[in-house]
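Please build the complete structure, drawing on both the sequences and the hints.
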Amino acid sequence: MSNSLIEVNNLKKTFGGLTAVDVKQLGFNKGELTSIIGPNGAGKTTFFDLISGFQNPDGGDIHLKNKDISNFQPYKIARMGMVRTFQLTKVFDRMTVLENLLFSGSEISNDSLFKSVIKSKSQKKYEENLKDKANNIMEDLNILHMADSYARELSGGQKKLLELARSIINEPEILLLDEPLAGVNPKLAEDILSLIKKLSNEGITILMVEHNIEAVMKISERIVVLAEGSLIADGNPNEIRTDRNVIEAYLGKDND
Amino acid sequence: MKISNKFLFAVFLTGFSIYLVFALNPEGASRILLNLLTFAGIYGLSAIGLNVHFGWTGLLNFGHASFMGVGAYVTLLLMPHAAGREGEITSTGLPFIVALIIGILSAALFGLLLGLPAIRLRGDYLAIVTIAAAEIFRLLVRDLESITGGVYGIINYTENLQKYRPNFINNFSESLEFSPSQAWVCLVAWVSILFTVLFLKRLNNSPWGRALRAVREDEDAVRAMGKNAVWLKLQSFMLGAGIAGLSGVLLAFNYGSLETTVFVPLLTFYVWAIMILGGVGTITGPIFGSIIFWVIISETDRLAFILFENANGQQLAGVRFLLVGLLIMALMIFRPSGLLGKKEELLLDVK
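In order, the protein sequences belong to chains B and D.
Our numbering puts the first residue of the first sequence at 1, with every later residue one more than the last.
Our numbering puts the first residue of the second sequence at 1, with every later residue one more than the last.
What the hints contain is simulated information worked out from the structure, not anything from laboratory work.
Note that the structure is a prediction, hence the values are computed from the model and not measured.
All residues carry an ideal CB built from backbone N, CA and C; glycine is no exception.
Hints should not be assumed to be uniformly reliable.
Examples of chain D residues toward chain B, derived with CB under 10 angstroms [as the list claims (entries may be wrong)]:
hint, residue
1, K6
2, L203
3, P207
4, W208
5, K227
6, V230
7, G256
8, K342
Shown next as structure tokens:
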């Protein structure tokens, strides 16, 4: 048992002969803003898939809040307060922006077929509160004017915003952000970064996979570097900047 | 409520096709109309169920006929009937409404059973499994002759429903030269549609309906949001299968005798055509789609007579298939959203 919120031990995932992830030991503490970086194919997204339950590990274990979640279904892990976003944005295209948020914010019990047939007063009230909550979030993220547009009509960056909005409507404890800045224009990237910073300040534990090194250096408290599935460096941005292993992983080995 | 142009157009087209029936049939138009409205009601109901699967949840179900079949067989076998080669009579049984409810529940249960292994498959893989399961069901029913009557089918069951026929139907049918028993089946079918539509309207904008649409859009995102996508899909499968079960029972009562050949894949394709014509993802669309579809089917004879002198049954059937094929092709090209579907919500691009 350890004090980390998320803890992985001997985590292993292979695809045929290729080792995608092979991490001996790695823990993430409550409230930390950690970035996971590494060259393409380093296993960052697979690592996310493993801890969010979208893939099952071939070996090792994953603990969330001291509970073994290695073979949990994704929805169970999400309900424990760890919510992820996707590298290729996944919004509900043919639903409105508001509906995207309402669905994501609604509790399982509120979604029940029985309750939806009865249409009780309490459900109505719940839905109204949810709508207020969604409106507030949309206002914060500057997408309120798009509330009734179909999500497919949003730009790539706006979709990223919507996905973020969807992930935070239920006030998760942990956010796993898979390339939140990919394909986003610089202005919007600034906004998203400051939003991530703000969420972190509010006490949400954040793990972020991101290729924009400049942004990573700016906002991360800790950086974890993966290469070929293994952990090669772990430290604060200044330590990582000068780490020999990291430089080698990105630029190749020095020949002498 | 604002009435959209699309809705008016659908009403107009439906009215026009009914007018066509009168125009093309100088004699016996009302009888032909009753016949096609009965089929339209039954198939429309089935298409409404299919829309829960495909339009709402994105499940590519090509085994719809089997849900109708389970509903029909379970209901009929629970009531007094005669079955098999010898026409062996079972004179005891449950009253119609009890048998019907069990039949509908069985169809829903069959949906659940079929869903459990199949529902983890996506897109076209689910289509393959459902069409295979539907054929397995049909062949099983055909070969279990001792229970289901096999190829000899089931007869002598219509009285179970007809004994509840109210008197006004008899009077009304007499003056219009209808078959009173078909008029009664027709009425029951359309009342069933009315209730099903009201029920689904209630669900459409509910949190549950919203959750189904989210599953349709992106299952992974649904799971990432902490929702059990598999369970939502199973619920959708059960609800749609139950509605199909009801329509299957009505179909059996409309035919007057039941054989396994009723539930061939063609039935599923007809229901698909109706759903697409009416508008995928809409609730009332299949009603209009169904009437127009059945006018086309029933007036095919006229067309076949123009094409061939003394058209025989085989030629008629050929022209019918041809027309349905052309109809689906034309719809896909010119109006993939159907009569009532929204273009922005075009639901036919399956992932």
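Structure-based check of each hint:
Against a cut-off of 10 angstroms between C-beta atoms, the interface hint on K6 (chain D) is violated, since the closest Cβ of chain B lies about 17 angstroms away. Here the hint on L203 (chain D) is kept, as its CB sits about 6 angstroms from the closest CB of chain B, short of 10 angstroms. For P207 (chain D), the shortest C-beta to C-beta distance to chain B is roughly 5 angstroms, which falls under 10 angstroms, so the interface hint holds. Interface hint at W208 (chain D): satisfied, since its Cβ lies 4 angstroms from the closest Cβ of chain B, which is below the 10 angstroms cut-off.
The interface hint given for K227 (chain D) is met, as the beta carbon of that residue sits about 6 angstroms from the closest beta carbon of chain B, less than 10 angstroms. Satisfaction of the interface hint for V230 (chain D) is found here, the shortest Cβ-Cβ separation to chain B being roughly 9 angstroms, below the 10 angstroms cut-off. With a cut of 10 angstroms, the hint placing G256 (chain D) at the interface with chain B is violated, because the nearest CB-to-CB distance is about 35 angstroms. Evaluation of the K342 (chain D) hint against chain B yields a held restraint, the C-beta minimum of about 9 angstroms falling below 10 angstroms.
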